[in-house]
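A.B. asks: The lines below spell out each chain.
2 protein chains.
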Amino acid sequence: MKLVYKIWVEGKTKAFGEGPYKLLRKVEQLGSLNKAAQDMNMSYSKAWSIIKRAEKELGFKLVESNTGGVGGGGSRLTSQAKTLLTQYDEFYREAGEILTKLYNKYFGELL
Amino acid sequence: MKLVYKIWVEGKTKAFGEGPYKLLRKVEQLGSLNKAAQDMNMSYSKAWSIIKRAEKELGFKLVESNTGGVGGGGSRLTSQAKTLLTQYDEFYREAGEILTKLYNKYFGELL
Chain W
384 MKLVYKIWVE GKTKAFGEGP YKLLRKVEQL GSLNKAAQDM NMSYSKAWSI IKRAEKELGF
444 KLVESNTGGV GGGGSRLTSQ AKTLLTQYDE FYREAGEILT KLYNKYFGEL L
Chain S
384 MKLVYKIWVE GKTKAFGEGP YKLLRKVEQL GSLNKAAQDM NMSYSKAWSI IKRAEKELGF
444 KLVESNTGGV GGGGSRLTSQ AKTLLTQYDE FYREAGEILT KLYNKYFGEL L
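Going down the list, the sequences are from chains W and S.
Start counting the first sequence at 384; every next residue gets the next number (our numbering).
Start counting the second sequence at 384; every next residue gets the next number (our numbering).
Do not take every clue at face value.
Which copy is meant is left open, so a pair is good if it fits within one copy or across any two.
[Said to hold, decoys possible] Computed cross-link-like contacts, BS3-like style, restricted to lysine-lysine with a CA-CA straight-line distance of at most 27 Å:
no.: 1; residue 1: LYS385; residue 2: LYS444
no.: 2; residue 1: LYS465; residue 2: LYS385
no.: 3; residue 1: LYS465; residue 2: LYS405
no.: 4; residue 1: LYS395; residue 2: LYS385
no.: 5; residue 1: LYS429; residue 2: LYS385
no.: 6; residue 1: LYS397; residue 2: LYS385
no.: 7; residue 1: LYS405; residue 2: LYS385
no.: 8; residue 1: LYS439; residue 2: LYS389
no.: 9; residue 1: LYS488; residue 2: LYS389
no.: 10; residue 1: LYS385; residue 2: LYS484
no.: 11; residue 1: LYS488; residue 2: LYS397
no.: 12; residue 1: LYS465; residue 2: LYS409
no.: 13; residue 1: LYS405; residue 2: LYS435
no.: 14; residue 1: LYS484; residue 2: LYS444
no.: 15; residue 1: LYS488; residue 2: LYS418
no.: 16; residue 1: LYS418; residue 2: LYS395
no.: 17; residue 1: LYS484; residue 2: LYS395
no.: 18; residue 1: LYS488; residue 2: LYS405
no.: 19; residue 1: LYS488; residue 2: LYS465
Since the hints were made in silico from the structure, they are not lab data.
This structure is a prediction, so every number in the text was calculated from the model and none was measured.
Please put together the full structure from these sequences, using the hints given.
C.D. replies: Now the structure itself:
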């Protein structure tokens, strides 16, 4: 037996959770929302709508476009998005530790 | 913004979480798996399969049949099911408190 959990943040609708998190990490890694969407077997329009919905709910930009320069184009995370991902990592890590302890406390002998 | 979370226990498949919890509470309240299913707008076979799957994963019985007596028939929770529900309540309450604190710690200024 193991504990499984999903945690997300809601405003009027789902604002931020595992889906946007993974997508933003891919954008960070690949430097492009289009490549991130492809890598996750998702249409560009789907990826775009995930970002836009999260931005609307959160009230700040998550992704901005690179223009010009060598290679040109592409997308990168805003500094607020980077902060959000870092905080989310820390939050999830600490939540995981605590939930595991609670699971053992309440279900350790039962399950 | 608010934090939303779902937590469940898995063995080979999903073993116990919000769905079986609510169904078992209804069985306890109404004294009948059939009535509980109706109350939750669920077919009897669906309710039955939820209970059976959870029992199989958990390795103990959750519901037993009343036979005979005044009123006859009906279903009631096993003592292990009652213990499970109590522990689940406590687990969820404490998890909720801690997750709210963590949310404020990591996202309080950001969101």
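A.B. asks: Name the hints, by number, that the structure is in violation of.
C.D. replies: 15 and 16
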